[in-house]
Amino acid sequence: MIEDDREKLRTAFERAYRNRYACPGLEERVLSEVADQADRGRGRLEPLGFATIVTLLLAIAIVGGMLILAQLSQQRSAPAGGVQPSAAPSPTPAGPAAVIPVPTSSAPPSESPTPNPAPSPTPNSAPIPTPIAPAVAIPRCDVQDLNLQLGGSWAGLGQLNQTFVFTNTTPHTCYLFGYPGMRFLDRSGRPLTPDPQRGGAGAFPDISPRTVDLAPGTWHLVGSSRELPR
Amino acid sequence: MDFVASRTDDLIRQAATGDQLAFKGLVRPHLRPAFQLAVTMLGEPEAAEDAVQEATLKAWRHLHRLRAGTSFRSWFLTVVANQCRSERRTAWWRVLRGLERLDTPQATGPEVLDWDLEQALLSLSMDERAAVFLRFYEDLPLQELARIQGISVSGTHSRIRRALERMRLRIDLEVDR
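In order, the protein sequences belong to chains G and P. Read in our numbering, the first sequence has 185 at position 185, and its numbers run on one by one without any break. Read in our numbering, the second sequence has 167 at position 167, and its numbers run on one by one without any break.
Isolated chain G, as found in the complex:
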C-alpha cells in the first residue's frame, strides 16, 4: 500500500522543491556563515586533549591547595576569639569556567553547552566534565533577543526604499549574519511577487554576508528596496 503512493508523492515533492522552494544559492549562504565564524575563531567547541585536561586539573589542584593554605595561615594569625573579617569575599578558584570568555550576563548563551561544574576536589572519583576550548561562541541573536522597528523610508528612481532596525534587547552580546528573510504582502495579506532577493540593490550597496556583533542595546540597520510599479 505504501509503495503505491511513492511515485505520486515523489513527483509532487519534486515539483514543489523545484518551483516554490528552489532556494538558489542556499549552500553558499549557509557555508559562508560557518566560514565566517571559523575565521573569527568562534563557535568551535573542541574537546581538549588529554594533556590539556591533566594540566588543567593540576592547575586547579595547585590553586585550590594554595587557597586552603592561605586560609589556614589566616586562621592561625587571627586573634583567638576575634571576629574574622567577612567583608572580603573569598576568591573563587579558577575552574574551567574561568577560561571561557563568555560575556558577563545573567542569561547564558543558548549556544553554549552545559557549563562545566565547579571542579571537584577528587577528580578521580568524579566524572570529568566535557571540557571546551576557550574560543566560545558569542551566540547568534534569537528572535526573542531582538526588537524590530521600521526605520526611515524614501522613494526615488522608481524604487521604494525602507529600512528596518534590529535592536539587541538582551543583556548579552549576540550576532547577526547575512540577510533577514523578508516577504512583501499586499493589503489582503497575499504575497507580492517576485520574492525578494537577498543582496544589494537600489540604494543599498551589495555587501557580502558577514557577521555583525550587537552589544546590549545596540542596533543594526537593514534596508529593503522594491521597484515601484510603472
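For the record, the hints were derived by calculation from the structure and aren't laboratory data. The model shown is predicted, which means the values in this text are computed figures rather than measured ones. Any given hint might turn out to be false.
Listed below are several chain P residues computed to face chain G (Cβ distance under 8 Å; list not exhaustive) [as the list claims (entries may be wrong)]:
1. PHE23
2. PRO45
3. GLU49
4. GLU118
5. PHE133
Distance windows between CB atoms, simulated [claimed, not checked]:
6. P:GLN119 x G:GLU227: 28 to 38 Å
7. G:GLY181 x P:GLY18: 28 to 38 Å
8. G:ASP39 x P:ARG13: 16 to 26 Å
9. P:GLN119 x G:LEU185: 15 to 25 Å
10. P:ARG89 x G:GLN197: 26 to 36 Å
11. G:ALA155 x P:ASP9: 51 to 61 Å
12. G:GLY25 x P:SER86: 21 to 31 Å
13. P:ASP9 x G:THR169: 40 to 50 Å
14. G:SER225 x P:SER154: 49 to 59 Å
15. G:GLY151 x P:GLN143: 50 to 60 Å
16. P:SER123 x G:PRO191: 20 to 30 Å
17. P:ASP9 x G:ARG10: 26 to 36 Å
18. G:SER188 x P:GLN119: 17 to 27 Å
19. P:ARG89 x G:GLY151: 24 to 34 Å
Every residue, glycine too, gets a C-beta built ideally from N, C-alpha and C.
Knowing the structure of chain G, use the given hints to seat chain P on it.
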C-alpha cells in the same frame, strides 16, 4: 560504496580537528536535503533556511559528538529536525502561522497538485510530514528514519501509515477525481 564511506570517515576526522574545508565537503551534499526536510516541516522557506543555517553551525561546533560508525547524514538530519522543532516553539513562529497559506492558487494544473499536496501535508503533524518526506522523497530506510525521528522502527512504520491514510483522504479525493 566502501570508497565513499571511507572518504566520508576521512572528512569527518579532518573536520573534527577544525578543518573547515573538510567540513564543507562533508556537509555540502546534505544541505539541500536538509533544507527540503526543514521546509517540509516548517512550511516557510525563510524559516527553513534559518533552521538549516543554525543546524549547520551546531554540526560544526559539535562534530566531535558524532560517534564512530554513525552515519553523518542521519546525524545531520537529526540536528536539522531538532532545530525545526525548536524553531516551531518560538513565539515568532506563531506570528508567522497567522500569515501563511493565504495564497490559494487560482490556476489549474500542476500548481493545484502542489497546493493539494501542501494542504495534505499541512494536515499532518510536523513529525509526520518529516517522516513522509524522508521515506518517500529521500528514500531512507526505516531504521535510519527511526534514528532521525528518535522513535522505534515499528513506531516509524505506524507513523507513516497513519500519515498516508490521512493524506489520502485529501489527495485522492482532490487529485484522482
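Each hint, compared with the structure:
For PHE23 (chain P), the interface hint holds, since its Cβ comes within 8 Å of a Cβ in chain G; the closest pair sits about 7 Å apart. The closest approach between the C-beta of PRO45 (chain P) and any C-beta of chain G is roughly 5 Å, which is under the 8 Å cut-off, so the hint is satisfied. Because the smallest distance between the Cβ of GLU49 (chain P) and any Cβ of chain G comes to about 6 Å, under 8 Å, the interface hint for this residue holds. Below 8 Å, beta-carbon pairs count as interface contacts, and GLU118 (chain P) has one with chain G at about 7 Å; its hint therefore holds.
At its closest, the beta carbon of PHE133 (chain P) sits 7 Å from a beta carbon of chain G; the interface hint therefore holds under the 8 Å criterion. The hinted range of 28 to 38 Å is satisfied by GLN119 (chain P) and GLU227 (chain G), whose Cβ atoms lie roughly 32 Å apart. Checked against the given bound of 28 to 38 Å, the beta carbons of GLY181 (chain G) and GLY18 (chain P), roughly 30 Å apart, stay inside it. For ASP39 (chain G) and ARG13 (chain P), the hinted distance range of 16 to 26 Å is satisfied, since their beta carbons lie about 22 Å from each other.
For GLN119 (chain P) paired with LEU185 (chain G), a C-beta distance near 20 Å keeps the hint of 15 to 25 Å intact. At roughly 30 Å, the beta-carbon separation of ARG89 (chain P) and GLN197 (chain G) lies within the given 26 to 36 Å, and the hint holds. Checked against the hint of 51 to 61 Å, the C-beta distance between ALA155 (chain G) and ASP9 (chain P) comes to roughly 57 Å, which is consistent with it. Between GLY25 (chain G) and SER86 (chain P) the C-beta distance comes to about 25 Å, which sits within the given range of 21 to 31 Å.
Separated by about 44 Å at the C-beta atoms, ASP9 (chain P) and THR169 (chain G) satisfy the suggested range of 40 to 50 Å. One distance hint, 49 to 59 Å for the beta-carbon pair SER225 (chain G) and SER154 (chain P), holds here, with the actual separation near 54 Å. For the pair GLY151 (chain G) and GLN143 (chain P), the supplied restraint of 50 to 60 Å holds, since their beta-carbon distance comes to about 51 Å. Take SER123 (chain P) and PRO191 (chain G): their Cβ atoms lie about 22 Å apart, and the range 20 to 30 Å holds.
About 30 Å separates the C-beta atoms of ASP9 (chain P) and ARG10 (chain G), a value consistent with the hinted range of 26 to 36 Å. Take SER188 (chain G) and GLN119 (chain P): their Cβ atoms lie about 20 Å apart, and the range 17 to 27 Å holds. For the pair ARG89 (chain P) and GLY151 (chain G), the beta carbons lie near 29 Å from each other, so the given range of 24 to 34 Å is met.
Hint violations for this structure: none, all hints satisfied.
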